[in-house]
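Number of protein chains: 2
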Amino acid sequence: MGAVKNKRMPRAVREQQMLDAAVRTFGQRGYRAASMDEIADLAGVSKPLVYLYLNSKEDLFTSCIRREAAALMAAVRAGVQPDLPADRQLWDGLRAFFAHTAQNPDGWTVLHLQARTHGEPFAAEVTAMREELVAFVTQLIVVAAREAHRDPSLAEGEVAGLAEALVGAAESLAAWANATPGVSAKQAAATLMNFAWAGLGNLMDGRPWVPPKQ
Amino acid sequence: MGAVKNKRMPRAVREQQMLDAAVRTFGQRGYRAASMDEIADLAGVSKPLVYLYLNSKEDLFTSCIRREAAALMAAVRAGVQPDLPADRQLWDGLRAFFAHTAQNPDGWTVLHLQARTHGEPFAAEVTAMREELVAFVTQLIVVAAREAHRDPSLAEGEVAGLAEALVGAAESLAAWANATPGVSAKQAAATLMNFAWAGLGNLMDGRPWVPPKQ
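Respectively, the protein sequence lines represent chains Z and G. Under UniProt numbering, the first sequence has 52 at position 52, and the numbering climbs by one with no breaks. Under UniProt numbering, the second sequence has 51 at position 51, and the numbering climbs by one with no breaks.
Calculated directly from the structure, the hints in this document are not laboratory data. One or more hints might be untrue.
The list treats identical chains as one, so a pair stands whether inside a single copy or across any two.
[As the list claims (entries may be wrong)] Straight-line C-alpha distance at most 25 Å; calculated SDA-like pairs for lysine to any residue:
hint: 1; residue 1: Lys57; residue 2: Gly119
hint: 2; residue 1: Lys57; residue 2: Gly182
hint: 3; residue 1: Lys186; residue 2: Glu158
hint: 4; residue 1: Lys57; residue 2: Leu140
hint: 5; residue 1: Lys47; residue 2: Gln187
hint: 6; residue 1: Lys47; residue 2: Gln103
hint: 7; residue 1: Lys186; residue 2: Asp41
hint: 8; residue 1: Lys47; residue 2: Pro85
hint: 9; residue 1: Lys47; residue 2: Ala96
hint: 10; residue 1: Lys186; residue 2: Arg32
hint: 11; residue 1: Lys186; residue 2: Ala99
hint: 12; residue 1: Lys47; residue 2: Pro82
hint: 13; residue 1: Lys186; residue 2: Thr138
hint: 14; residue 1: Lys57; residue 2: Val143
hint: 15; residue 1: Lys57; residue 2: Gly30
hint: 16; residue 1: Lys186; residue 2: Arg77
hint: 17; residue 1: Lys186; residue 2: Ala96
hint: 18; residue 1: Lys47; residue 2: Ala179
hint: 19; residue 1: Lys57; residue 2: Asp87
hint: 20; residue 1: Lys57; residue 2: Ala185
hint: 21; residue 1: Lys47; residue 2: Thr138
hint: 22; residue 1: Lys47; residue 2: Thr62
hint: 23; residue 1: Lys186; residue 2: Thr62
hint: 24; residue 1: Lys57; residue 2: Arg32
hint: 25; residue 1: Lys47; residue 2: Ala160
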């Protein structure tokens with residue numbers, strides 16, 4: 001039915017519809033179990049057209065990963081305003097991250113779970129996005145420390161580690177929030193701020209946590 | 001050569017040698033590229049003996065994941081003494097976690113990367129260990145909050161979220177620390193304590209981070 005109705009759509013629009021259907025199918029069924037028949041049906045097109053436009057199941061999955069990764073990065077970047085105070089920037093970034101992963105649960109499953117589970121080429125696509133996210137957060141922490149005139153000597157390696165910890169915590173929490181009924185995006189962001197902000201704030205003020213003597 | 005020398009070893013000992021060789025090979029080459037020939041060579045036994053004892057490459061990999069997961073959990077449990085103060089327990093647990101992942105980089109690569117990248121049955125093995133780790137950390141936070149008479153009402157869902165965040169941060173940091181020259185296990189643990197402890201401490205004292213009004 002959709003196939004007839006959509007006949008005169010531009011290729012770009014139709015490709016997005018195919019990708020929408022594919023993300024949903026890969027996210028809900030998993031990469032292996034998802035069938036090209038189901039994806040074509042859901043997109044309202046013929047299976048040969050999916051192959052014509054997106055080549056193979058592997059290439060279609062790669063296109064899904066790239067689109068979802070770009071959308072998540074764009075959402076986080078759009079959420080942060082560089083002229084606001086540091087804790088506000090982090091809060092806004094986390095709100096944007098958890099709002100996006102909550103609103104796109106299938107996209108997040110594709111990125112966080114499916115892309116990592118089905119071989120190295122797919123996993124490498126997600127690694128690239130993750131590195132971009134870590135670089136963005138690292139820069140946010142560096143600028144926050146500098147602009148607040150807090151601890152300008154906060155070591156580069158320490159900041160890189162903090163950014164890794166923050167991104168790892170956010171990924172883990174997003175998967176948990178999506179799988180746990182009643183946890184909102186705002187709650188997940190607040191949990192991470194509670195966990196992280198006071199620690200980061202103290203550190204930037206030059207008051208690190210001191211290990212016990214023994 | 002080893003095959004002759006090891007001829008009279010008990011089966012259990014020889015299996016551990018095969019698993020040692022397999023963890024090293026899977027960790028360094030990756031699951032797909034690792035060959036049973038190489039594993040048998042490294043273990044100093046014949047390839048048929050590896051198949052006789054451990055059945056198939058899939059089963060051997062599963063045995064590696066299970067052994068490494070159990071060893072990591074045991075190291076963390078052994079590191080924590082329940083009668084010490086809360087921040088000390090967390091510090092000790094993190095020290096044990098990062099020391100173990102630093103001393104067993106191939107084991108950690110098998111758990112964190114390889115097992116997650118090569119299909120759902122392997123990924124499920126790691127998920128089981130991760131759930132055990134999250135439950136352990138959750139319990140640690142709950143007991144800490146209760147024993148310190150800090151915030152007995154710290155909501156269960158909030159604690160579960162904090163535990164997810166902490167485990168996600170630790171996983172991410174361990175991978176980063178192993179891949180970054182010059183980062184010691186102690187530094188990685190201190191980074192995570194800096195990141196997390198002040199936040200957790202404030203939260204338990206009933207001083208959560210407050211989101212900006214708007």
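Discussion item. Could you work out which of the previously given hints the structure breaks and list their numbers from low to high?
Written reply: 2, 4, 5, 6, 7, 8, 9, 10, 12, 14, 18, 19, 20, 21, 23, 25
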